[in-house]
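Asker: Sequence:
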Amino acid sequence: MTETRSPDRAVRPRAGRHRAWWIAATTGLVILVTGWSTGMPDVLTDPLRREFGWSTGAISFAFAVNIVLYGVTAPFAAALMGRFGIRRVVVAALVVMVAGAALTTAVGESWHLVLTWGLLVGLGTGAMALTFAATVANRWFVARHGLVSGVLTSASMFGGMVLMPVLAAIVHRFEWRAGVLAVGLAAAALVPLVWWVLREHPGEVGLKAYGAAEFTPAPPRTTGAAGHAVGLLGTAARTRPFWLLAGTFAVCGASTNGIMMTHFVPAASQHGMPTTVSATLLAVVGVFNTVGAAASGWLVERIDPRWLLGAYYLVRGVSLVLLPLFLGPTVQPPMIVFVVVYGLLDLATVPPTILLCREFFGGDDGAVVFGWVSAAHALGAGAAAFAGGTTRALLGSYAAVWIGAGLLCAAAALLSLRIRRAADVT
Numbered sequence: 186m187t188e189t190r191s192p193d194r195a196v197r198p199r200a201g202r203h204r205a206w207w208i209a210a211t212t213g214l215v216i217l218v219t220g221w222s223t224g225m226p227d228v229l230t231d232p233l234r235r236e237f238g239w240s241t242g243a244i245s246f247a248f249a250v251n252i253v254l255y256g257v258t259a260p261f262a263a264a265l266m267g268r269f270g271i272r273r274v275v276v277a278a279l280v281v282m283v284a285g286a287a288l289t290t291a292v293g294e295s296w297h298l299v300l301t302w303g304l305l306v307g308l309g310t311g312a313m314a315l316t317f318a319a320t321v322a323n324r325w326f327v328a329r330h331g332l333v334s335g336v337l338t339s340a341s342m343f344g345g346m347v348l349m350p351v352l353a354a355i356v357h358r359f360e361w362r363a364g365v366l367a368v369g370l371a372a373a374a375l376v377p378l379v380w381w382v383l384r385e386h387p388g389e390v391g392l393k394a395y396g397a398a399e400f401t402p403a404p405p406r407t408t409g410a411a412g413h414a415v416g417l418l419g420t421a422a423r424t425r426p427f428w429l430l431a432g433t434f435a436v437c438g439a440s441t442n443g444i445m446m447t448h449f450v451p452a453a454s455q456h457g458m459p460t461t462v463s464a465t466l467l468a469v470v471g472v473f474n475t476v477g478a479a480a481s482g483w484l485v486e487r488i489d490p491r492w493l494l495g496a497y498y499l500v501r502g503v504s505l506v507l508l509p510l511f512l513g514p515t516v517q518p519p520m521i522v523f524v525v526v527y528g529l530l531d532l533a534t535v536p537p538t539i540l541l542c543r544e545f546f547g548g549d550d551g552a553v554v555f556g557w558v559s560a561a562h563a564l565g566a567g568a569a570a571f572a573g574g575t576t577r578a579l580l581g582s583y584a585a586v587w588i589g590a591g592l593l594c595a596a597a598a599l600l601s602l603r604i605r606r607a608a609d610v611t
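Take the position in the sequence shown, starting the count at 1, then add 185; the result is the number in the working numbering.
Hints in this document: simulated from the structure, not taken from any laboratory. Built from N, CA and C at the ideal position, the CB exists for glycine as well. One should not assume that every hint holds.
Label-pair ranges, simulated between beta-carbon atoms [what the hints assert, rightly or not]: (1) E544 x G238: 48 to 56 angstroms; (2) L599 x R272: 29 to 37 angstroms; (3) G416 x A354: 45 to 53 angstroms; (4) D489 x W381: 39 to 47 angstroms; (5) L300 x W483: 38 to 46 angstroms.
Please build the complete structure, drawing on both the sequences and the hints.
Answerer: Shown next, in the form of structure tokens:
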């Protein structure tokens, strides 16, 4: 048998037949569409400037609000999933995302963009951010946990980058509002699928988690979701590993979502590169994201995650410092090397960070703590998105942004090596 409903039998299921893989596939689709929305700043910045005359700083502020809420919402969403269930929270988040996208098409002032795409879409996507992937992986997988968490988290950047040329083509052929509506319609189409497929816990349907030796009943629903999330933050904040993980992940956000997903296309355009070409480069980054995240999920079960994080941040930092030398009107071999290296490392930091959160704080609680760590990721990304737009406005160039992000990555590499494993703490 490939599935078992008996608490007394320990049958290792086949990967293609266990229900966990259907849950993971649906989760991946949701995160993919959520990630698609994160590519919007790169595509919308110039059209919004042309139509409304808004400054780059004003536009970047709205997108920074979106990025910050994408992370700050995560720990509360993870706690709400424990209270109301994964399906209800994800469906509600998709509805909020659809409403935000629809209202964004009617903006007329820059503060409208803050309320619609910044607030509503930020809240909706935040509930389906990295903690969603961590919660599903923690509940449904024992075997292949690292691989699944890597692939699921890569779906976000895959959607944001690989589908960006589609978004750019829609905006180029029609207008920016059509691109916003396309993302909203994709989110709306997922609502019935999520309600039909997603389940809270393998014990709820009489199954063992994939690769588990024993049956584990579904845990009771928790109450006081917000209080639980804040309480876990208070507990985690008294530990050194939490601050090291949060600090390094803030740099991760600043050096990925904060600059690449917000400023790479405008920066490339400043060097004469067509938008369709730069968007395609980000799509290639997205492809290698998936490879890198999956490989990192495999490596994290074999190599000390601290050393992996240190290596990832160091090489990413070097690539960002060198990036200004590669930008130009055409794509040269050094740019291809950058795209491959950066893509492989972009999301590779996520599986080691999830594993360390789980190691220090447990399964479901570890997912909530990872939500707080992800909030630091979003704060770093939001700060970098806003700083990047402001720097460009003041200096007329993005060169300082890339160099600054590279130096932050070097600092994160050193901090990663300062994390002590839970087994080493006495």
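Asker: Could you tell me whether the CB distance from E544 to G238 stays inside 48 to 56 angstroms?
Answerer: Since E544 and G238 have Cβ atoms about 51 angstroms apart, the given range 48 to 56 angstroms holds.
Asker: Within 45 to 53 angstroms or not, the Cβ separation of G416 and A354?
Answerer: Since the Cβ atoms of G416 and A354 sit about 47 angstroms apart, the hinted range of 45 to 53 angstroms holds.
Asker: So does L300 sit 38 to 46 angstroms from W483, Cβ to Cβ?
Answerer: 42 angstroms, holds
Asker: In this structure, is the beta-carbon distance linking L599 and R272 contained in 29 to 37 angstroms?
Answerer: Violated: the Cβ-Cβ distance is about 42 angstroms, outside 29 to 37 angstroms.
Asker: Do the Cβ positions of D489 and W381 conform to the proposed distance bound of 39 to 47 angstroms?
Answerer: 41 angstroms, holds
Hint compliance for this structure: hint 2 alone is broken.
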